[in-house]
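One-letter residues, chain by chain:
Number of protein chains: 2
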Amino acid sequence: MEILVQKYGGSSLATAERIRAVAERVVAGRDAGRPIVVVVSAMGDTTDDLIGLARQLAEDPDDRELDLLLSTGETISCTLMAMTLRHLGHEAISLTGAQAGIKTDSSHSRARIVAVDPSRVQRELAAGRIVVVAGFQGITEEFDITTLGRGGSDTTAVAMAAILRASCCEIYTDVDGIYTADPRIEPRARKLTQISYEEMLELAQQGARVLHPRAVELGSVYGVPIVVRSSFNQNPGTLIHGEIAMEVRNKVRGIAHDTDVAKITVVGVPDRPGIAAALFQPLADANISVDVIVQNASVRGTTDLSFTVARGDLNRTLRLVQPLAGEIQATDIASSTDLAKVSIVGTGMQHAPGYAARMFRALAERNVNIDMITTSEIRITCLIDAGQVAEAVQALHEAFQLDRADL
Amino acid sequence: MEILVQKYGGSSLATAERIRAVAERVVAGRDAGRPIVVVVSAMGDTTDDLIGLARQLAEDPDDRELDLLLSTGETISCTLMAMTLRHLGHEAISLTGAQAGIKTDSSHSRARIVAVDPSRVQRELAAGRIVVVAGFQGITEEFDITTLGRGGSDTTAVAMAAILRASCCEIYTDVDGIYTADPRIEPRARKLTQISYEEMLELAQQGARVLHPRAVELGSVYGVPIVVRSSFNQNPGTLIHGEIAMEVRNKVRGIAHDTDVAKITVVGVPDRPGIAAALFQPLADANISVDVIVQNASVRGTTDLSFTVARGDLNRTLRLVQPLAGEIQATDIASSTDLAKVSIVGTGMQHAPGYAARMFRALAERNVNIDMITTSEIRITCLIDAGQVAEAVQALHEAFQLDRADL
Chain A
5 MEILVQKYGG SSLATAERIR AVAERVVAGR DAGRPIVVVV SAMGDTTDDL IGLARQLAED
65 PDDRELDLLL STGETISCTL MAMTLRHLGH EAISLTGAQA GIKTDSSHSR ARIVAVDPSR
125 VQRELAAGRI VVVAGFQGIT EEFDITTLGR GGSDTTAVAM AAILRASCCE IYTDVDGIYT
185 ADPRIEPRAR KLTQISYEEM LELAQQGARV LHPRAVELGS VYGVPIVVRS SFNQNPGTLI
245 HGEIAMEVRN KVRGIAHDTD VAKITVVGVP DRPGIAAALF QPLADANISV DVIVQNASVR
305 GTTDLSFTVA RGDLNRTLRL VQPLAGEIQA TDIASSTDLA KVSIVGTGMQ HAPGYAARMF
365 RALAERNVNI DMITTSEIRI TCLIDAGQVA EAVQALHEAF QLDRADL
Chain B
5 MEILVQKYGG SSLATAERIR AVAERVVAGR DAGRPIVVVV SAMGDTTDDL IGLARQLAED
65 PDDRELDLLL STGETISCTL MAMTLRHLGH EAISLTGAQA GIKTDSSHSR ARIVAVDPSR
125 VQRELAAGRI VVVAGFQGIT EEFDITTLGR GGSDTTAVAM AAILRASCCE IYTDVDGIYT
185 ADPRIEPRAR KLTQISYEEM LELAQQGARV LHPRAVELGS VYGVPIVVRS SFNQNPGTLI
245 HGEIAMEVRN KVRGIAHDTD VAKITVVGVP DRPGIAAALF QPLADANISV DVIVQNASVR
305 GTTDLSFTVA RGDLNRTLRL VQPLAGEIQA TDIASSTDLA KVSIVGTGMQ HAPGYAARMF
365 RALAERNVNI DMITTSEIRI TCLIDAGQVA EAVQALHEAF QLDRADL
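Chains as they are written, first to last, in my numbering: chain A, 5 to 411; chain B, 5 to 411.
Source of the hints: derived by calculation from the structure; they are not laboratory data.
Any given hint could be a false lead.
You can't tell identical chains apart in this list, so a pair holds if it fits in one copy or across any two.
[To be verified] Capping the alpha-carbon separation at 20 Å, the derived lysine to any residue pairs in SDA-like fashion look like this:
hint : residue 1 : residue 2
1    : K195      : L243
2    : K255      : D407
3    : K195      : S171
Using the sequences and the accompanying hints, generate a full structural model.
Next up, the structure:
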């Protein structure tokens, strides 16, 4: 019988009551002895609490130490889940990331999985046990504990599903699935029954926080069907998978927005080769993710170069960029944190013209000014004033008729 | 330079403030770059809190799961200690029991150390780092996490000191050292400057809770000098070591007492071979520690057999013993929890008569009735009424002149 992998997030495990409810759901999904691997996040705010404790003792805790500290959160929840399943009369065993064979590189706090050795998990499944795996963590060749960074438990779940050739990876969270827009901002937002990996990847990268882009990417590479659904009800959720008949449905699938944006503009840069490299290499070395980059064609021989980073990275970025200003002969470096991104995403867009124009018109009609624009094959993103995000999302949701049933 | 091993208990690490104070103490002890290994317990009540959480979800949590759960307590405190040491400007690294090479058997919740592989610790020490080891935990051949049971962190510390040939193992706690009696009961109790392994072992086994008998035993086997002292002041503490000139000092070194005692009496047992084995084998199989055993010589062909266990084991013991009553033809099984043990301990006693008589007389003078008596070579233990413990300890402390300076 095919293996099922389920992942439960921290809010689904925040209290003993909720852990019990999740355990009952796991047991129910085990009908006819189907092998199940359950991947768990840390309970509720555990991770934040541990970080708070660390910062009381060290301003800038070492990444290796922080990884070992934070890994305890998932270890606690996986043992509690295994105990609860046993209490309900089912054979179950907890495994840390290391025990589950999650081998990573040694980039602490943002480790990448280099291999998964599934032998222990397979042995436990063969013995008829429900296997509960601590998400978010792995182990290096030197037996040091690492964490996988943001979205780490999702990544653990999809990696386990891939290596075990599971029929499906279910991601349980506190929302019903993937919506055409954030329902807290656009009440008419509609849950999608299915979406392609590519579309989900763009939505996730542009601010939809339900599922992390890394997990989507891994699912796409290994062809793991992913279902995002709520652990608080029985609604069917959203299926993320491969080919979907494109021709017959709405070309725009969803609106993403992201207010975690800081913009930096390097003013009056000479228009000559090597400037961008000189600017962005130090940021790459410091592991700062640069998102939107816009450079306007120059007429006077100088140009303004703007780019965005996460707000938490702004100070670090400025510290790296300011010393370069002289070297690249920039006249000024400006920054702003009152911007946000709104994006429309849809695989169909690439072969159908007019989406960009329709997007810009919808924003203009609501007097939303566009600061920067970037596009991918299946996405158009505008930077706008942070205060106008809700209005922009609603305008686009309406303009692209996303409240209508799946076409 | 010789290696120093220090162990800090949970009360010394209960808050961020205390962790900082301990870190400063570690740094101070590092004068001239002396290599230091720091073994830590879980912060304050962490272990009890985790057990409480487990019991909310499972009445009788599985030992393997509980071990992995509880191990997170020490992992948290060792990472916090390493971060704090780094924050103070010192190279430091945290190691879990597994990373520190503590290999155990697979008796979960009470694992025994089978070997210590010191290579990682030695490598980190050679790199000039302070090594912080999570106490109480180890790993089996199958990579399962175990805990060492009560006194586990003391055992970790002494085992590390033994394998590293450390010059000393310092056990930091919330009292100033080993006293001639519990100072909360006998205000005139005096701190011992030194004591032999054998005496410490008897004191610890008979209720002195400062240091666990397992750690003392390990120290004795490997000849590791152990110093018990307070982490809250600079007082010198008590040195536990090998040969001490016996002839010139007081033969009785200390009074131990223990109220964690339950007594079971099997009444009217036929006086024939095999009865004791039939009774105690099932208890041994259930890992119940039987302490004092007393059987009175019989005149009528039957006898009463009494023994004591820890109070927490009483119900389990009765469940095992009651079904045997018929088999061994006992007429009744009685139990009591209102008893306590008081013991006098001293290496010199074995070669000097009269100690027992002096003990019984001291108790009789205060009208303390003796329920059972047992002796070892260097100890005499009486079971008395639990309500008379304080009086008995004071009487014995006075009778053996323990308030006088070390003789």
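Hint-by-hint comparison with the structure:
1. With identical chains, the CA atoms of K195 and L243 are at most 20 Å apart within one copy only, with a shortest distance of 11 Å there and 70 Å across copies.
2. In this homomeric assembly, K255 and D407 come within 20 Å of each other (Cα to Cα) only inside a single copy, at 13 Å, whereas the closest approach across copies is 90 Å.
3. In the homo-oligomer, the alpha carbons of K195 and S171 never lie at most 20 Å apart, since the shortest distance is 23 Å inside one protomer and 67 Å across protomers.
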